[in-house]
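If you want the building blocks of each chain, they are given just below.
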Amino acid sequence: MEGAYIYDTVRSPRGRGKNGSLNELTAVALSAKILEELRERNNLNTQEIEDVIWGNVTQVGEQGGCLARSAVIAANYSESTPGLSINRFCASGLEAVNLATNQVRGSAGNAYVAGGVEMMSRVPMGSDGAAIAVDPTLAMNSYFVPQGISADILATKYGFSRDDVDAFAVESQKRATAARKSGYFKKSIALIKDQNNLTILEEDEYIRPETSMQSLGGLEPSFKNMGEVMPGFDAVALLKYPEFEKINHVHHAGNSSGIVDGAAAVLIGNKEFGKKNGLKPRARIVATSKIGTDPTIMLTGPLPATEKVLKLSGMSIKDIDLFEVNEAFASVPLSFMEHFGVEHEKVNVNGGAIAMGHPLGATGAMLLGTALDELERTGKSTALTTLCVASGMGASTIIEKV
Amino acid sequence: MCSDFTKVVDKNNIAVITWNCLDKSMNTMTEGGLRSFQQLVTEALSEKKIKGIIITSGKADFSGGMDLSTLEALKRNSGSDPASKIFEYIMEAHGLLRKIELGKMDDTSQSKPVAFAGGGICAGIGTEIGLACHRRFFSSSKRSKIGLPEILVGLFPGLGGTTRIPRMMGLMGASSVLLEGKLFTSEKAKSIGLVDEVVSEDELIKKATDWILSVSPQELVKPWDQKGFKFPGGAPYHPSGFMSFVGGSALVNGKTKGLYFSAKALLSSVYEGALVDFDSALRIEARWFTKVLMTDTCTNMARTLFLNKSALEKGQKRPSGVNETNLKQISVIGSGMMGSGIAYASILQGLEVLLIDQNMEAAEAGKTKIAMLLSESVKRKKLSEEEKIRLLQKVKPASSLEKISNSDLVIEAVFEDLKLKHNLYQKIEPHLKDSAILASNTSTLPIKKLSEVLADNTRFIGIHFFSPVDRMNLVELIKSEKTNDYALAVALDYTSMIKKTPIVVNDSRGFYANRCIIPYINEGLRMLSEGVEAALIENSAKQIGMPVGPLQLLDELSVSLALNVAKETREALGGKYEETGTESILLEMSKKSRLGRKELAGFYEYDEKGRRLKLWEGLKKIKVQKTSTNITTVSVKNRLAYVQALEAVRAFEENILLSVEEGDVGGILGWGCLIWAGGPFSWLDHVGHENVVVECQGLSDKYGDRFTPPKIIKELASSGGKFYN
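Protein chains in written order, with numbering that gives the first Met the number 0: chain R, 0 to 401; chain B, 0 to 724.
Just so you know, these hints were derived from the structure itself, not from any lab.
Honestly, I wouldn't trust all of these hints.
[To be verified] Reference listing, derived: stretches of chain R covered by chain B, where coverage requires no fewer than 3 residues with Cβ under 8 Å from a Cβ of chain B:
#1 140 to 154
#2 240 to 252
[Said to hold, decoys possible] Restraint ranges, calculated between C-beta atoms of paired labels, are given here:
#3 Lys597/B x Gly125/R: 43 to 53 Å
#4 His237/B x Lys310/R: 38 to 48 Å
#5 Lys274/R x His237/B: 47 to 57 Å
#6 Ser214/R x Pro467/B: 44 to 54 Å
#7 Asp276/B x Arg68/R: 26 to 36 Å
#8 Leu391/B x Ser214/R: 51 to 61 Å
#9 Asp278/B x Lys310/R: 48 to 58 Å
A virtual CB, placed ideally from N, CA and C, is assigned to each residue, including glycine.
Given only the sequences and the hints, what does the whole structure look like? Please build it.
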């Protein structure tokens, strides 16, 4: 089996979803800018690119109609490079990388661009519909509840208090603030400029450095009303988990991932691709995994996905130097740390989606880039990236610095 | 041909089709009825000179709905493929209603206006016929009510109601009509669009005629048959409809605990129908409705709550040799919560009530309780202030027993103390008039034992009401071996008068209902003492469809009551009394002064107003006797369900309960037992007796003899039979 390597990673800064800087850009425009940046940095002959696999969750309107191919054309890649839009909800960006990895390993081409985009300020989450939520037969039989309720079920299961999740959120803000200040993100970030070369956004703008336990303490739990009153999702949750007396509603906007715009791309290829194009691989992709889990609690996927990827790689949790566990909700990384006994010092060392936001289709690719940049900066060797996924799924990837 | 429908053409050339089932007091749709209706509608639509159609009733009520036995017969008589016959039948009915809605037989003819002119009770297919018409005129009479109550008996409106109502009102508006099964007064029905005009009864035909003669063809086209129709409130994937549909499933799932298939099917029918054109939607509705009719829990629920319940209410168990009695005045002795509740239920239906207690102050306090209940009804606009005053005058508080000599029935509702009751009966008997009977509202004491002190114990009977009397519709009538037919007939005539549902049972400790409820509570306590999480016990109880969990129920009844019952039973049974394994928990709760909701502390924590807050934290520290291993939700649910159902079977086997029909009606109305399956006996049939034997034998090996399958179940298992054949 061929090895798959990361040659480069590029991402946009994350733009605030509400009144944010990237709101004026179309999904195809931002995607194209990232693809162009990747080409320019690496002096890519895009004829060498077998496919562009582009993660995107809400594939309607401007994000519909196979956005991947539109972005490839807009970025003026070689006509022979096709595009594939994919959707594995929050892990789409990582799934794009994993698919590309396994294509390369299976000798289906030498190089791929994988990544994704989500313009959450322009194409609202959920506007593509979802049978699992709306179709009564399916929703009832699968005990569907919205993700926020799932996050609260997860907190209830692990006994995380409001203070636990808020403290995690404060730490995420602190770490992201410090990392941004120290320029740790600069290596991967592409400045987003307009047609006049004027800068639109140069760094992540969602971070709130002033966040404290006090400021978070004033926020009402976001999912309490829909859980307890109308329409009463907690009653559905208790049908599935009768061992709980009630669901403890601890999540709110301050300890959940932010609604933002963003895009990211990863250049993946085999050894031969590097040699031929004079590129040096930065990391080897050791193993990838994806898995389906209980759709009601929904967000536990990182646990079995990680167990699976460790098994595939023949590694143990102790062999991993750094973890990126997507902060969809604070209870997700908290449950990950508790389950694997991993200390917080190794997890999301530069903050996460609570502080910086979670552009659904792009996040997985962004996290992978952040992990690789950090391995290089600190001289560490291995990193594991994992995300929870809507409808009860998970995805994981292990990389090793070359 | 069936003569349920007739057609007359009036001077304006309007065809008036009248529904009047001559052999029944209420119009219900039979297979033959539908055919004759179909033929008359076809004639009227086809005949050139006919200008329009009025559909009305020859009775004060328009219709009670579908004749459920028709559907059963259809199913029974369609051989190996009942689903296809039922689907065909429903589609034929859809076709007919659709012709009414389009006002023509085919695309080439011009539409004729069809008016609905009804009043009184209008339910089910009666309402659905109206929905297909172009305009609905409904009587303003006070007793007129219209709606689609099918969901309440395990079915759903399957003749177009589920497709038309959401297209008229949107999903949110439709939910009170379809999912709550409400019957609406004329005015309310008009305000939500269920009817178009409310007119006095004698003007129904005139108004409908005027409308037919003046309406323009464009007004006859239903919104969903017009181009560009938009689903009100938003279709499922429209931004404004999205959350309603997402919320709808959650609401129904949470409220019904996923047990009521008809509610799921209804919502699925609305959703899938909303995504296609009207005729496809009707076909989708027919497929789901067929599925409901083919699902045993749905039809069993209808059998118990519709057919068998109404048969009991109509006096099915009344001894035939006794002439109808005519009760005018009753006496209720004891003016506490039960006594005043019984008095309240009695005056509502026109009876005079002597409310007797030890002193006038106590008797007056009872009357005050009744006044409060009546005021509630005034507040909810069910009664006028004048009616309240008039009704309250029917209660005469008294402190002496002499006045009971005018009463046709005397009901004793004093504290559950044998000596006290015996004393009282001896004082009562001399004052009873010859035609009067004496009854006790005891919930546990054997009737024969109670009647021992009477000179004539043939006219003594148990009339066991459930608490709170104003809301609980079941009455358990308990015959001792001495009770005569006359006493039973009077008791049945009385329950019929006060609009309660009676079951007749034989005498024994706890009779039927309490005999089954107590093991349910005990099983909860036992599991608690085995270390099962209290939340799991309570939630599992709700997941088998119980209205309240065993721990909450005991909090309502009070822990001290349970201790007393245990003590009394122990005294009564002496050496035969078996420890139930619950005594230590009860004593522990009593020691910690956690006696129930009245004391604001029990298995749950309460605020100062008695509102339940959460399970008591201290339960986690209660000493566990033995730790159960392998506790699964399924095993907790099975224990809670079987412990009641098997006790019901034993009551039947021991001839305490006289029929499984009464067992199911009583189980549902008495303590909410397995409603979704049609009651405990229907549930066992649904599980299948072979499975019951296997599961119960397993439970019996692990948890004790109370789960040993009764003989009758074993017999049914080996013969492949069912309680209901």
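Hint check results:
1. 140 to 154: As far as the stretch 140 to 154 of chain R goes, the hint holds, because 4 residues have Cβ atoms under 8 Å from chain B.
2. 240 to 252: holds (count 5)
3. Lys597/B x Gly125/R: 43 to 53 Å: Check passed, 48 Å falls within 43 to 53 Å.
4. His237/B x Lys310/R: 38 to 48 Å: holds, 45 Å
5. Lys274/R x His237/B: 47 to 57 Å: Given about 54 Å between the Cβ atoms, the range holds.
6. Ser214/R x Pro467/B: 44 to 54 Å: This hint holds: roughly 50 Å between Cβ atoms.
7. Asp276/B x Arg68/R: 26 to 36 Å: holds, 34 Å
8. Leu391/B x Ser214/R: 51 to 61 Å: Cβ of Leu391/B to Cβ of Ser214/R: about 60 Å, so the range 51 to 61 Å holds.
9. Asp278/B x Lys310/R: 48 to 58 Å: The hint (48 to 58 Å, Cβ to Cβ) holds, given that Asp278/B and Lys310/R are roughly 54 Å apart.
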